[in-house]
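Chemist: Going down the list, the protein sequences come from chains A and B. Residues are numbered in our numbering as their position in the first sequence, beginning at 1, plus a constant of 286. Residues are numbered in our numbering as their position in the second sequence, beginning at 1, plus a constant of 286.
Simulated from the structure, these hints should not be mistaken for laboratory data. Bear in mind that the values here come from a model prediction, so they are computed numbers and not experimental data.
Pairs involving identical chains hold if they fit within one copy or between any two copies, as the list cannot separate such chains.
In silico SDA-like links for lysine to any residue, alpha-carbon gap of 20 Å or less:
#1 508 to 613
#2 693 to 658
#3 328 to 287
#4 713 to 666
#5 549 to 636
#6 319 to 690
#7 617 to 569
#8 617 to 372
#9 617 to 568
#10 695 to 656
Number of protein chains: 2
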Amino acid sequence: MIRCITNGIVLTMNSDREIIDSGAVVIENNLIKDYGSIEEIKKKYDFDEVIDAEGGIIMPGFINGHCHVSMSIFKGIGEDVPDRLRKFLFPLEEKLVDKELVYKGARLSIAEMLLAGVTTFVDMYYYEDEVAKAAKEMGIRCIAGESTLNKNTPDSEIPYGGIDYAKSFIEKWKDDELITPAIAPHATYTNDAEHLKIIDEISKKYEVPILMHISEMDFEIKMFREEHNMTPTEYLESIGFLSNRIIGAHFTYMTENDIEILKKHDVGVVHNVTSNAKSARVISPVLEMREAGIRVGLGTDGPMSSNHQDIISVMHQYTKVQKINCGDRSKATAIGAVEMGTIDGARSINMDDTIGSIEKGKKADIIIVETSTPNMTPLYNCYSNLVYSAYPSNVVFTMVNGQVLVKNKELIRSNLKEIINDSNGLKDKVYSVVGPQQ
Amino acid sequence: MIRCITNGIVLTMNSDREIIDSGAVVIENNLIKDYGSIEEIKKKYDFDEVIDAEGGIIMPGFINGHCHVSMSIFKGIGEDVPDRLRKFLFPLEEKLVDKELVYKGARLSIAEMLLAGVTTFVDMYYYEDEVAKAAKEMGIRCIAGESTLNKNTPDSEIPYGGIDYAKSFIEKWKDDELITPAIAPHATYTNDAEHLKIIDEISKKYEVPILMHISEMDFEIKMFREEHNMTPTEYLESIGFLSNRIIGAHFTYMTENDIEILKKHDVGVVHNVTSNAKSARVISPVLEMREAGIRVGLGTDGPMSSNHQDIISVMHQYTKVQKINCGDRSKATAIGAVEMGTIDGARSINMDDTIGSIEKGKKADIIIVETSTPNMTPLYNCYSNLVYSAYPSNVVFTMVNGQVLVKNKELIRSNLKEIINDSNGLKDKVYSVVGPQQ
Chain A
287 MIRCITNGIV LTMNSDREII DSGAVVIENN LIKDYGSIEE IKKKYDFDEV
337 IDAEGGIIMP GFINGHCHVS MSIFKGIGED VPDRLRKFLF PLEEKLVDKE
387 LVYKGARLSI AEMLLAGVTT FVDMYYYEDE VAKAAKEMGI RCIAGESTLN
437 KNTPDSEIPY GGIDYAKSFI EKWKDDELIT PAIAPHATYT NDAEHLKIID
487 EISKKYEVPI LMHISEMDFE IKMFREEHNM TPTEYLESIG FLSNRIIGAH
537 FTYMTENDIE ILKKHDVGVV HNVTSNAKSA RVISPVLEMR EAGIRVGLGT
587 DGPMSSNHQD IISVMHQYTK VQKINCGDRS KATAIGAVEM GTIDGARSIN
637 MDDTIGSIEK GKKADIIIVE TSTPNMTPLY NCYSNLVYSA YPSNVVFTMV
687 NGQVLVKNKE LIRSNLKEII NDSNGLKDKV YSVVGPQQ
Chain B
287 MIRCITNGIV LTMNSDREII DSGAVVIENN LIKDYGSIEE IKKKYDFDEV
337 IDAEGGIIMP GFINGHCHVS MSIFKGIGED VPDRLRKFLF PLEEKLVDKE
387 LVYKGARLSI AEMLLAGVTT FVDMYYYEDE VAKAAKEMGI RCIAGESTLN
437 KNTPDSEIPY GGIDYAKSFI EKWKDDELIT PAIAPHATYT NDAEHLKIID
487 EISKKYEVPI LMHISEMDFE IKMFREEHNM TPTEYLESIG FLSNRIIGAH
537 FTYMTENDIE ILKKHDVGVV HNVTSNAKSA RVISPVLEMR EAGIRVGLGT
587 DGPMSSNHQD IISVMHQYTK VQKINCGDRS KATAIGAVEM GTIDGARSIN
637 MDDTIGSIEK GKKADIIIVE TSTPNMTPLY NCYSNLVYSA YPSNVVFTMV
687 NGQVLVKNKE LIRSNLKEII NDSNGLKDKV YSVVGPQQ
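Looking at chain A on its own, in the form it has when it is part of the complex (with noise of 0.2 Å):
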């Protein structure tokens, strides 16, 4: 089946930064065939579709990097505390997280994530097959990893037990078109050189992703520094743990040397700019690491975290929060915030062979954003409204891997109604471990 998006402005993020101001993208089943002027496409083709983008931006659906979809069950739940971890987060997991939960609540942030433009999400959390499962029945493209720790978990009665449930997650996923199936050591300070050595071993040996939190805590450092003398980085890379099969999340606290460290094993890196801001936390020294060549893509982190599971607005933040950072108001570009919101992305978690641009081959994971709304009106450089001006209710139109998602800004193939229903469902269980919230 051959299929046009037509009549909107194509914005490719290919290596020429290409944009075709009157453009049309052809597909072929699930890959993008060619793209073009709206008069060559036309003369080149028959089609069995049409699609109208009516003047908008046809782009590469945007990639979030890292996050726990599961857990918009707790959105909201204690927000503006101290200690938030150990006061919600580790009760709400210890009683409620279980199959249920984690299918549900993959459900409600898939569903905003394609509702704002989102065609690939990673994620980490525990019962990580529920999460690759709710992602196949709606359609959008995941890297999934199955947490491991140093202490028994919702979905291990023992420490490490995630080791052995992501074998054989893996096992089931690893042919799969949508999931790309993950091990995931939680964090540094959760695993063990012993243990890490063993998870290594099984990247290599099925070829999948290595999703872990590194360097994001302040604790983390002071430990890594008494026990070890290094940084989580060095020590890391003192264990020989370090490759490019590594997406690692966060790296707020970071050295000179760290920065040389993850380029030398060319580790990718994940910025989560809304989480770390919400959490108070330093600000991640993401020009540097680009500057160093580093491949650095964006995330949202988990719904109670950041809460937006969207990166239109992470793209938002990122811009602000950097100038500031570096009192430069011609630093952390626009242009720079869309790289990494799509083709820089796509490479931090090595799938830009596959997606992240508009490009003859590439698999058809396409959005269109409007452009015919006061905010996005007028419309002099698709980069500056893209970051600036957009919210993620102009994306209008998600397609992944050729399939329509989202159509006139409605879910078409999940029921919408059914996932918030389930999701507000779960409240009087939360209720019942954290009491009343307003």
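Chain A is fixed; fit chain B onto it per the hints.
Modeler: Frame of chain A; chain B shown alone:
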């Protein structure tokens, strides 16, 4: 005529911060007559019209305390460049700002604001009569300040021509129900003591606010230090200019003494985080000013600066930037942000006797924020969801002074298509000054 907005969560923002879970608000003509539980209200009144909030948050409209709405026509031009003011803004204003552009640009921003639940805005620009006209026609509440400064402007061939413009403008709009005319000395560094005295007298005589940029720019701080060995705030005090009639925008560069001075003279402050961040300025000590008891509200600044013209984005970014700044996640709370976006915003512009909360006898400036979308689900706490989870597009209904202006997310009293076309019609003029932008 008695109307009822029912079936929602009434977030009053009254002094008890009362929240009614299954609540209703009664409106008689342009005023709030009553509010309470649905049952109570049903028993007490017969209604000419009932508006179903469908479980949404019924709350006071947002107050945008500082903007330059007409600059929407220049939105997105010359982003991420150093010295943008001289390279882009000044040439654009010099060559293009006329009555038509001010009117059309104002209508574009007002459309964006109404759709995002802003019910009052405070504006300063040139040809301010056109802004007032646009606001009046579209039904939004507005404080409109004509700019005066020490050089010729788009609407005056002589320096300080704005003073005469302001006088006749104030006479014209003085008794309007929606428009409050004001005089707007552009900034500390563009108005001398002699003219500030004249401006202050006009403000006293007509009982109108003074709008002014204060302590925003690094060169401003340097200039006042060199010329007067004072901060701009100290200087304004020394010439006897400070009073509670001043609505001052920015106050980014502040000393402890400056804060004491603002408190002593009860100056109103409008914080513009989204603009200040994009300009890479220092972070305004908002928490300290609030702590000192200063009246602080929120503003977007002009569409070239921020670029969003909504207050939900500003509330969100205020919390994130302040949390980073103080390193404490429990500070800059969600409830504090909503206060600044509503009742404290009203206080900062001396309008809290008539707007800013849902209370008997106040003007019916009311919005409904939906709660049934993925990003707003679940809802445990209204403040958390409004600040951390909401998008401006979650506003479904906007009423100003008892008039419904937005219903089901659509402008119902203004022709949006015409507004968008009018704005796009000015693009060629803009290109003729700044050249291609893509």
